[in-house]
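Residue-level listing of the chains:
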Amino acid sequence: MTLDEIIASRRVLLCVGSGGVGKTTTAAAIAVEAALRGRRTAVLTVDPSRRLKDTLGLGRLDERARRVPLGAGPGHLDAMLLDVKRTFDELVRELAASAEDAERILGNRLYQNLSGALVGSAEYMAVESVYRLVEDAAYDFVVVDTPPSRHAVDFLDAPRRLLAFLDSRALAVLKNPTSILPGATSRLAQLLLSSLLAGVERFTGIGLVREVSEFVAAIESLTGGLRTRVAHVAELLGSEATALVLVTAPDARLTRDTRDLAATLGARGLRIGGVIVNRALPAALFGAAAPDPGPPVGVPPGLGTRLAECFAELRTETRRQETTLAPLLAVAGAPLLASVPPLASTPVTLAGLRELGGHLFPSEPATRTRSAGR
Amino acid sequence: MSRGNHRPSGDPKLRLARQRLVIVTGKGGVGKSSVAAALAQAAADEGRRVLAVEIGRGGLSRLLGVEEPGPDPTPVGRSLSCVTIDPESALGEMVHGMMPLGVMARRLLQSTTFQIVAAAAPGLPEYLVLHRLSAFLDAKRLGRPRHDLVVVDAPASGHSLPLLGAPRALGALARFGPVADFLGRADAMLHDAATTAVWIVTTPEELPVREAIELHQALREDLGLTLPPPIVNAFPRRRFTSRDQGAIAEAAAHAGAHPYLVGARLEVARQRDAVEQIRLLRSAVRRAPVRLPYLPGGTGEARGLTDLTHAVARQAGFGT
Numbered sequence: 001m002t003l004d005e006i007i008a009s010r011r012v013l014l015c016v017g018s019g020g021v022g023k024t025t026t027a028a029a030i031a032v033e034a035a036l037r038g039r040r041t042a043v044l045t046v047d048p049s050r051r052l053k054d055t056l057g058l059g060r061l062d063e064r065a066r067r068v069p070l071g072a073g074p075g076h077l078d079a080m081l082l083d084v085k086r087t088f089d090e091l092v093r094e095l096a097a098s099a100e101d102a103e104r105i106l107g108n109r110l111y112q113n114l115s116g117a118l119v120g121s122a123e124y125m126a127v128e129s130v131y132r133l134v135e136d137a138a139y140d141f142v143v144v145d146t147p148p149s150r151h152a153v154d155f156l157d158a159p160r161r162l163l164a165f166l167d168s169r170a171l172a173v174l175k176n177p178t179s180i181l182p183g184a185t186s187r188l189a190q191l192l193l194s195s196l197l198a199g200v201e202r203f204t205g206i207g208l209v210r211e212v213s214e215f216v217a218a219i220e221s222l223t224g225g226l227r228t229r230v231a232h233v234a235e236l237l238g239s240e241a242t243a244l245v246l247v248t249a250p251d252a253r254l255t256r257d258t259r260d261l262a263a264t265l266g267a268r269g270l271r272i273g274g275v276i277v278n279r280a281l282p283a284a285l286f287g288a289a290a291p292d293p294g295p296p297v298g299v300p301p302g303l304g305t306r307l308a309e310c311f312a313e314l315r316t317e318t319r320r321q322e323t324t325l326a327p328l329l330a331v332a333g334a335p336l337l338a339s340v341p342p343l344a345s346t347p348v349t350l351a352g353l354r355e356l357g358g359h360l361f362p363s364e365p366a367t368r369t370r371s372a373g374r
Numbered sequence: 001m002s003r004g005n006h007r008p009s010g011d012p013k014l015r016l017a018r019q020r021l022v023i024v025t026g027k028g029g030v031g032k033s034s035v036a037a038a039l040a041q042a043a044a045d046e047g048r049r050v051l052a053v054e055i056g057r058g059g060l061s062r063l064l065g066v067e068e069p070g071p072d073p074t075p076v077g078r079s080l081s082c083v084t085i086d087p088e089s090a091l092g093e094m095v096h097g098m099m100p101l102g103v104m105a106r107r108l109l110q111s112t113t114f115q116i117v118a119a120a121a122p123g124l125p126e127y128l129v130l131h132r133l134s135a136f137l138d139a140k141r142l143g144r145p146r147h148d149l150v151v152v153d154a155p156a157s158g159h160s161l162p163l164l165g166a167p168r169a170l171g172a173l174a175r176f177g178p179v180a181d182f183l184g185r186a187d188a189m190l191h192d193a194a195t196t197a198v199w200i201v202t203t204p205e206e207l208p209v210r211e212a213i214e215l216h217q218a219l220r221e222d223l224g225l226t227l228p229p230p231i232v233n234a235f236p237r238r239r240f241t242s243r244d245q246g247a248i249a250e251a252a253a254h255a256g257a258h259p260y261l262v263g264a265r266l267e268v269a270r271q272r273d274a275v276e277q278i279r280l281l282r283s284a285v286r287r288a289p290v291r292l293p294y295l296p297g298g299t300g301e302a303r304g305l306t307d308l309t310h311a312v313a314r315q316a317g318f319g320t
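Protein chains in written order, with our numbering: chain A, 1 to 374; chain B, 1 to 320.
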C-alpha cells in the first residue's frame with residue numbers, strides 16, 4: 001500500500017500519533033494533494049497550534065466546513081475543526097425522544113463535565129464526526145487529524161468502549177452508587193461510601209450523587225439509538241474503506257509512544273496502513289550505507305574541515321534516527337510511506353503545504369501545476 | 001560548544017542554586033524530559049539532594065536509568081532519586097487512606113463506575129499530584145528536608161496548565177476545611193519565585209516556540225506566575241561564517257548535490273531558522289532565553305545526557 005493508493009481508493013484516512021510529530025500538518029498536506037487529484041475531500045482537524053487556518057489560506061477555521069482556496073478543478077477541500085462538545089450536544093439532540101429531554105441532559109452539570117470524561121467520549125465524538133462526514137454526499141474522502149490523546153488508541157477504541165459501557169451494569173450502578181460495594185446489605189459499607197462520595201462532592205462543589213442519578217436517568221432514554229450508531233461507526237473504522245497511518249518523528253520518546261500505539265492497534269485487530277516519518281534526514285545522503293565522498297574539490301581547507309565535521313554530525317544524527325525508527329517499523333508491520341526532511345515539515349502557506357505534498361508523494365509531482373489561490 | 005553562550009559567571013542564566021521546586025514543561029518532543037533529567041543531575045552533581053519526579057508514564061526515569069519507576073523514591077546516584085507520580089494510583093492511595101478496609105477500597109477502585117465518577121470530578125487528578133509533590137517537599141530526615149530540590153518532568157503544555165492552575169480553580173470550589181488549606185499552601189508555593197521555578201522548554205522551531213509563547217502568556221497572565229526565562233533546547237551552533245556560506249553556494253554551483261554541501265546548507269538553514277525563532281520568543285516573553293546546545297547523538301544515551309548536564313551546569317554557574 002502506498003500513499004498514492006490510499007488517497008486514490010480509500011474513503012477515510014486517519015492520521016494517528018503522539019502530539020508534536022506534525023500530525024496536523026501532515027493530514028492537511030495529504031488532504032490538499034487528494035483534492036488536487038480530484039477527490040472531494042474534507043479534512044477534520046484538531047489544530048492545536050491554531051496556525052493551520054493561515055497555512056490553508058482561510059480567514060477562519062472552526063467547526064463549520066470552510067472551502068480551501070485551491071483554484072478550479074474537479075476536486076475540492078473543506079477544512080473544519082473538531083468540536084467535541086458540540087458534536088456530543090448534537091448527538092444528544094438527535095437521539096433524544098423530545099426537545100425537553102435533550103435540554104435536560106445538556107443542562108445537567110455532570111453532563112457538562114462528563115461529555116469530556118465519559119469513557120473516552122472526546123475520542124468517540126471525533127469518530128462520530130468522521131462518520132457524519134463520510135455519510136455526507138459532498139465528500140468522498142475524509143482525512144482526519146486525530147486528537148492528541150494520552151493513549152491514542154482511545155480514539156479508535158472509543159466505539160467499542162462506549163458500547164461496553166452501555167451494556168455494562170455501570171449505568172444501573174451510577175443511579176445508586178452505593179450498590180457498587182459487595183455488601184450492599186452492609187450498612188457500614190454504605191455509610192463509608194456515602195461519606196467518600198460526600199467528600200468528593202465537597203471538594204468538587206457538585207452534587208455528585210444526585211446529578212449522576214439524574215444524568216443516568218436522562219441518558220438511558222437515548223442508549224438505544226446511541227448503541228446502533230456506535231456499532232455503525234465501529235464498523236466503518238475497522239473496514240477496508242479506512243486507512244490508518246501512523247505519523248511520527250525520529251525522536252526516542254515519540255517513536256516509543258508510537259510503537260506502543262502500533263502494538264495496541266495490532267492487538268485490537270486494526271491494521272496499520274503505513275508510517276510517515278517527519279523531520280527525517282535523507283538516508284540516501286547521510287545514512288550508514290551512503291558513502292563519505294570527502295570534501296568537494298576546490299573549497300578552502302579550513303572550510304573543508306568544517307564541512308567534514310558537519311557531515312559527520314549529520315551522519316551521527318541519521319544513524320540515531322535509523323536506530324530509533326527500526327523497532328517502530330518492525331512492530332507496525334507496515335511500510336514506510338514517506339520520509340519528510342527537516343524544515344519541509346513545517347510549512348506556513350498553502351504553497352508550502354503543496355511542497356510538503358511533494359515529499360509525501362514523490363512519485364507523482366505532476367499535480368502541483370494547478371494554480372493555487374492565495 | 002559554548003562559543004555563543006558567554007555570560008558573566010556571577011549571573012547564572014539558570015537560577016538553580018536556591019530553588020526547592022523546579023517544574024519543567026513544554027510541547028511534547030522538545031526534549032523536556034532530557035532537560036529535566038539534566039537539571040536534576042547537574043544539581044545533584046553540585047551536592048544537592050535531588051528528587052526527580054515524573055508524572056504518569058514519562059521519559060525521565062528511563063533517562064536516569066530506572067527501568068521500573070515506582071511510587072517511592074528510587075536512588076539513582078549519590079544524591080539523586082527518582083519517583084513516579086501516577087495520578088491513578090494516587091487516587092488509590094487517597095481512597096485507601098479514607099477507607100479503613102483494604103478490600104473495600106480495592107473493590108471500589110476496580111469499579112468502572114468509580115473511575116468514571118473520579119475522572120468527571122474536575123481537578124481531582126491534579127489535586128492528587130500536587131498533594132504528592134508537596135509531601136515530597138515537606139519530607140524530613142533528621143530535621144533536614146529529605147530533598148533539597150524536587151525537579152518535576154511535568155505533563156506537556158496542554159496538560160500542565162490544569163496542573164499549575166489547580167489550586168486556584170479548585171480553591172474557588174472548596175473554600176473551607178483541610179482541602180482549602182492545602183490548596184492555599186500549594187498556590188503560595190507555586191507563586192513563590194524565590195523557591196519555585198516553572199521552566200518552559202522549547203526547541204528553536206516554529207510550532208514549539210509558538211506553543212511556548214502561548215503557555216508563557218497563560219501561566220503569567222492567567223495564573224500570575226513569575227517565570228524564569230524559557231529554555232531553548234537543541235540550539236544548533238553556528239559553524240559556517242558568512243564567507244563560508246558564500247563559498248558553499250559557489251561550490252554547490254559546480255559540484256551540484258554533493259552531500260557535504262547539501263548537509264551544510266541544511267545546517268545553515270536550521271541555524272538561521274533557530275536564530276529567528278529565538279528572536280520571536282525573546283520579543284514575546286521579553287527575556288533572553290537560556291540556550292542548550294544541539295547534540296547530534298541525542299540525549300537518549302548516557303553520553304548525550306552527560307553532555308547536556310554539563311551544558312546545564314555551565315548555564316547554572318555550577319563549578320565555576
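Honestly, the hints are just simulated from the structure, not real lab data. Among the hints, a few may not be true.
[As the list claims (entries may be wrong)] Quick partial rundown of chain A residues pointing at chain B, CB under 8 Å, derived from the structure:
(1) Arg11
(2) Asp54
(3) Gly57
(4) Leu58
(5) Leu61
(6) Asp62
(7) Ala252
(8) Ala283
(9) Phe286
(10) Pro296
(11) Thr305
(12) Leu343
Beta carbons are placed, not taken as given, at the ideal position from N, Cα and C, and that holds for glycine.
Going down the list of hints, with the structure as the test:
Interface restraint check: Arg11 (chain A) against chain B, minimum CB-CB distance 29 Å, threshold 8 Å, status violated. At its closest, the beta carbon of Asp54 (chain A) sits 11 Å from a beta carbon of chain B; the interface hint therefore is violated under the 8 Å criterion. Interface hint status for Gly57 (chain A): violated, as the beta-carbon distance to the closest one in chain B is roughly 17 Å, over 8 Å. With 8 Å as the threshold, the beta carbon of Leu58 (chain A) stays out of range of chain B, its nearest partner Cβ sitting at about 18 Å, so the hint is violated.
Here the hint on Leu61 (chain A) is broken, as its CB sits about 15 Å from the closest CB of chain B, past 8 Å. The interface hint given for Asp62 (chain A) is broken, as the beta carbon of that residue sits about 18 Å from the closest beta carbon of chain B, more than 8 Å. Annotation: interface hint on Ala252 (chain A) holds; nearest CB of chain B at approximately 4 Å, less than 8 Å. A distance limit of 8 Å between C-beta atoms decides the matter here; for Ala283 (chain A) the minimum to chain B is near 11 Å, and the interface restraint is violated.
With its C-beta approaching chain B no nearer than about 7 Å, Phe286 (chain A) sits inside the 8 Å limit, and its interface hint holds. Contact between Pro296 (chain A) and chain B, as hinted, is supported at the beta carbon level, the nearest pair being about 4 Å apart and thus within 8 Å. A least Cβ separation of about 10 Å between Thr305 (chain A) and chain B goes past the 8 Å threshold, and the interface hint is therefore violated. Look at Leu343 (chain A): its Cβ gets to within about 6 Å of chain B, closer than 8 Å, so that hint holds up.
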